[in-house]
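K.L.:
Let the hints inform the model, and build the full structure from the sequences given.
Protein chains in written order, with the numbering used here: chain W, 1 to 127; chain X, 128 to 258.
Check before you lean on any hint, since a few could be wrong.
Some, not all, of what chain W presents toward chain X, calculated at C-beta under 8 Å [said to hold, decoys possible]:
(1) I32
(2) I42
(3) N54
(4) I88
(5) F91
(6) E92
In short, the hints are calculated from the structure, not lab data. Note that the structure is a prediction, hence the values are computed from the model and not measured. Every residue, glycine too, gets a C-beta built ideally from N, C-alpha and C.
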Amino acid sequence: MYKRTKIFDLNYYKFIGSWAWILHRLAGLALIFYITLHIWVINVLTKGPDKFNNVMDFLNSPLFKFLEVGLWGVILFHAFNGIRIIIIDFFEGAVSHKKIFYIFIIIAFVLWVIGGYRILSHINWIQ
Amino acid sequence: MRKTFRETSKKGAVPWLLQRISALIIFVIVMIHFVTYHMLSEGAYKYEKVVSKMKSPWFNLMQFLLLCAVLYHGLNGVWMIVEDYIHIKGLRLFLFSLIIVVGVSLFFVGALTIIKVSNFNVEIFRAGVIK
Numbered sequence: 001m002y003k004r005t006k007i008f009d010l011n012y013y014k015f016i017g018s019w020a021w022i023l024h025r026l027a028g029l030a031l032i033f034y035i036t037l038h039i040w041v042i043n044v045l046t047k048g049p050d051k052f053n054n055v056m057d058f059l060n061s062p063l064f065k066f067l068e069v070g071l072w073g074v075i076l077f078h079a080f081n082g083i084r085i086i087i088i089d090f091f092e093g094a095v096s097h098k099k100i101f102y103i104f105i106i107i108a109f110v111l112w113v114i115g116g117y118r119i120l121s122h123i124n125w126i127q
Numbered sequence: 128m129r130k131t132f133r134e135t136s137k138k139g140a141v142p143w144l145l146q147r148i149s150a151l152i153i154f155v156i157v158m159i160h161f162v163t164y165h166m167l168s169e170g171a172y173k174y175e176k177v178v179s180k181m182k183s184p185w186f187n188l189m190q191f192l193l194l195c196a197v198l199y200h201g202l203n204g205v206w207m208i209v210e211d212y213i214h215i216k217g218l219r220l221f222l223f224s225l226i227i228v229v230g231v232s233l234f235f236v237g238a239l240t241i242i243k244v245s246n247f248n249v250e251i252f253r254a255g256v257i258k
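P.N.:
And the structure:
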C-alpha cells in the first residue's frame with residue numbers, strides 16, 4: 001500500500017514552498033469556481049443590451065468591485081506562482097525557488113495595488 | 128495483476144506538459160483580458176463597451192483560445208487534486224464524469240456566447256446602433 005497524501009501535514013508547513021503549493025491549489029480551485037460563474041453569467045450578452053445592463057448594474061455595486069480586487073489578487077498569485085513553478089521545472093529554479101517566490105510576490109503585490117486602485121476608482125458611490 | 132491508481136501516475140507526463148503550455152497561454156491572454164475588460168473600461172460595464180471589443184475577429188479568436196485553455200487548465204488542475212486525495216474508485220469515476228460534463232457544457236456556453244454576440248454585433252453595426 002502506498003502512502004496517501006496528507007492534506008494538512010503540519011510538519012512541512014514551516015517551509016515557504018509548502019505554503020506556495022497549498023495556496024496555489026486553493027487559488028486554482030477558487031479560480032475555476034469563479035470562471036464557471038463568469039462563463040455562465042456572461043452568456044447574458046446573447047440576450048441583448050437591456051438584460052445585460054440589468055445584470056451588470058447589479059454587479060457594479062461596491063461589494064462586487066471589492067470582490068473583483070480580490071479576484072485580481074488571486075489571479076496574480078496563481079499566475080506568478082505558476083511562472084515560478086515553470087522556472088523550477090524547466091530552468092533549474094529549484095536551487096533558488098524561495099528567492100524567486102519572494103521576488104514574484106513583490107511584483108504581484110505591486111501589480112495588485114495598481115490594478116486594484118484602477119478597479120476601485122470605477123466605483124460609483126452614489127447609486 | 129490488480130490495477131491500482133498508482134498506474135495512473137504513469138499517464139501524467141503529457142497532461143503535465145500541457146498544463147504548463149496552457150499556463151503560459153493563459154498568463155498572456157488573461158492579462159490582456161483583465162486589463163482591457165476589468166480595468167480600462169471606464170466605470171460601469173455597459174453592453175456597448177463590452178461588445179465593441181468583439182468587433183475584431185482576432186479578439187474573438189483570442190477569447191476562444193482563452194476559453195479552451197482555461198477550461199483545460201482548470202479542469203485538469205481539479206483532476207490532479209482529485210488524483211491526490213480521492214482513492215475510492217467509484218467516487219473518482221463520478222468526479223471524472225462531473226469534470227467532463229462541466230467542461231463540455233461550459234465550453235458550449237462560452238463558445239455560443241462568442242459566436243452569437245459576434246454575429247449579432249455585425250448586424251447591429253450595419254443598423255448603426257453602436258459606433
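K.L.:
All hints are to be evaluated individually against the structure, with a verdict given for each.
P.N.:
Results for each hint:
1. I32: Since the shortest Cβ distance to chain X is 4 Å, the answer is holds.
2. I42: Cβ of I42/W sits 6 Å from chain X, so the hint holds.
3. N54: violated (10 Å)
4. I88: Hint on I88/W: violated, closest Cβ of chain X at ~11 Å, above 8 Å.
5. F91: violated (12 Å)
6. E92: Check failed: Cβ of E92/W comes no nearer than 15 Å to chain X, outside 8 Å.
Violated hints, in rising order: 3, 4, 5, 6; the structure is consistent with all others.
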